[in-house]
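> Now for the letters of each chain:
Protein chains: 2
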Amino acid sequence: MAPARNARVLFSSIPKDYPIPGETTVYDASQTIDIENVPLNGGFLIKTLVLSVDPYMRGRMRAPEVASYSLSYQIGESLNGYGIGKIIRSEDPNFPPGKYVYGKNIPHQEYSVLSSSLDMLFVIEKDPKLPWTAYVGAAGMPGQTAWMAWKEYSNAKKGETAFVSTGAGPVGSMVIQLAKRDGLRVIACAGSDEKVQFMKEIGADVAFNYKTTDTREVLKKEGPIDIYWDNVGGEILDAALEFTAIYGRFLICGMISGYNTGLKGIKNLALAYPKSITLHGILVLRLFEKHKDEFYATVPPLLASGDIKYKEDISRGLESVGDVILAVQEGRNNGKAVVIVAEE
Amino acid sequence: MAPARNARVLFSSIPKDYPIPGETTVYDASQTIDIENVPLNGGFLIKTLVLSVDPYMRGRMRAPEVASYSLSYQIGESLNGYGIGKIIRSEDPNFPPGKYVYGKNIPHQEYSVLSSSLDMLFVIEKDPKLPWTAYVGAAGMPGQTAWMAWKEYSNAKKGETAFVSTGAGPVGSMVIQLAKRDGLRVIACAGSDEKVQFMKEIGADVAFNYKTTDTREVLKKEGPIDIYWDNVGGEILDAALEFTAIYGRFLICGMISGYNTGLKGIKNLALAYPKSITLHGILVLRLFEKHKDEFYATVPPLLASGDIKYKEDISRGLESVGDVILAVQEGRNNGKAVVIVAEE
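Chains as they are written, first to last, in numbering that gives the first Met the number 0: chain A, 0 to 343; chain B, 0 to 343.
Same shape as in the complex, but just chain A (with noise of 0.2 Å):
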């Protein structure tokens, strides 16, 4: 057989503030792979279904030298991350060809010889009533990064009040169904109206689009607030502070507002101890092997049911992912952004 064109998305520079595609990131489709001989020194060769696409890519395209809990991007080499791949051909016993695997450093290639050393990597099975996209989404790892930190640190209680930014989002929009499931009140804000529309049909009770509301209007109406899962940072966390119940949970997820074009500083910390709130800083790597179990055990079967809703933004190829990726820094992406690099 001849070889196969192996199409990648490489790293090429980093960016200023936003990710350009083209620039900080290029698909290059010149190299190819010879599917039948390529060595494989005792690992396996996958060929890439699925690859999800998450603001906190953003904080690896940076320099090497700036420490992180992520690895940097190395310059000139493919991207990675979460994503599904099926097993063609392996040296492994524990990564049986026909087989799929999920990883969270998947690489953003058509094919990848891998190893089992790499970080975060095992086989996975599909129930036959989801797509695979669903297993880098609200069954992966945005979903079980909001399953994970709600059973861990909500601490909620029915009746109580949460409030949700990016709730539309494949994080935000599970926090929302779980707060529901629990019993909570839920104000939630995204940044369109069409998100608007979808966080009311998954359940939350006040929903509302912060550029066009104003957040400390909303929550001094809607609040005090008992549970707040941040994701954005800057201005909302500080309403949300502000508006805060007396032992306030605040989850702090991520700051997106910050990630391309630097974060303000959060004045309303100083509310803390009047208010006795307790802040968790959420990495849902530090929470995965404790909860695995449970979520695959429970999360895809509510999923298959319809009993929790998701919502996907799904692209077509390698050559979409530096659009989607800059899309998805902006907030443009509406549900989870997925790309299908290829049909199995």
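Just so you know, the hints here were simulated from the structure itself, not pulled from any lab data.
Hints are not guaranteed to be accurate.
As the list makes no split between identical chains, a pair holds if one copy fits it or if it spans any two.
List time: in silico DSS-like cross-link candidates among lysine-lysine, alpha-carbon distance up to 25 Å [what the hints assert, rightly or not]:
no., residue 1, residue 2
1, K263, K219
2, K156, K289
3, K210, K266
Please read all numbers here as calculations on a predicted model, not as lab measurements.
The hints should help you fit chain B onto chain A, whose structure is shown.
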């Protein structure tokens, strides 16, 4: 018996920044009281022995329409705060003459008629080896703040590193000693070399003057820290966030850097999620009921035996209150600021 003088300290105007003795607070000796005949209305008459001057009092010097956890002082009325009084006459069998009361709203007057309905007011027994002043300091609210919150939130483990701001103050110095008793390494800062010396005496492994030494440099060298006890906010809190370890615990007790001149925005809170930080806002009033019996059984004996050390900055006479309030806001006190209003 002729009427006695009943001097008091009045709240006269809301400070613009720092409270000015004689302007925002005024000593007034014009009133008298008929000790033997003043009506008690079912309550009791106290002679004030000791008054506490604490940083939080600045927050009560505000316009009454501004909500907070503490009541605002009323212009033209006496200040009040933590204090000890001796009961002179009584119509309340729970507060018999000859006993002593501890309360959080003791008027800044030589004599006051009180009622048991006043918030947090109770008869207190003194360890014969301790002075009454200790009961508003290391054995009072500041000591309780440190002891109760450390017990509740620090999750301290032997061998960890703690960082304590205002480590020479009544809260910070207790935290340093609790951390050492739990087997931690302690870094502590304060604003004078004399305070640095005291912090070393009570066990701090690393003690520095934040006015002459760069906090970031110290933490870069001596950190990372596992627990940060914050009494100051601002740049020191930002430095602590930068040099905290994963799973760092932040106990936010006060932010005196902003009480008089406004608080700087916190820039590094976005490190909460990559570092899985937990932050707890502390208000001792909300921990008091749960921990008070154990506190009073444990701490006064440790103070009396010298196992836990404390330092007092004692002034005499109500006329000194205004100066002491300013000194505390400026950090010029050297030890717990206490005013002895009268000997028994």
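> Please sort K263 with K219 into within, between, both or neither, judging by C-alpha distance up to 25 Å.
both (22 Å within a copy, 24 Å between copies)
> How do K210 and K266 come out at 25 Å by Cα distance, when the copy is not named: within, between, both, or neither?
Intra 20 Å, inter 23 Å, cutoff 25 Å: intra and inter.
> From the Cα coordinates, with 25 Å as the cut-off, is the pair K156 and K289 best called within, between, both, or neither?
both (22 Å within a copy, 21 Å between copies)
In this structure, every one of the numbered hints holds.
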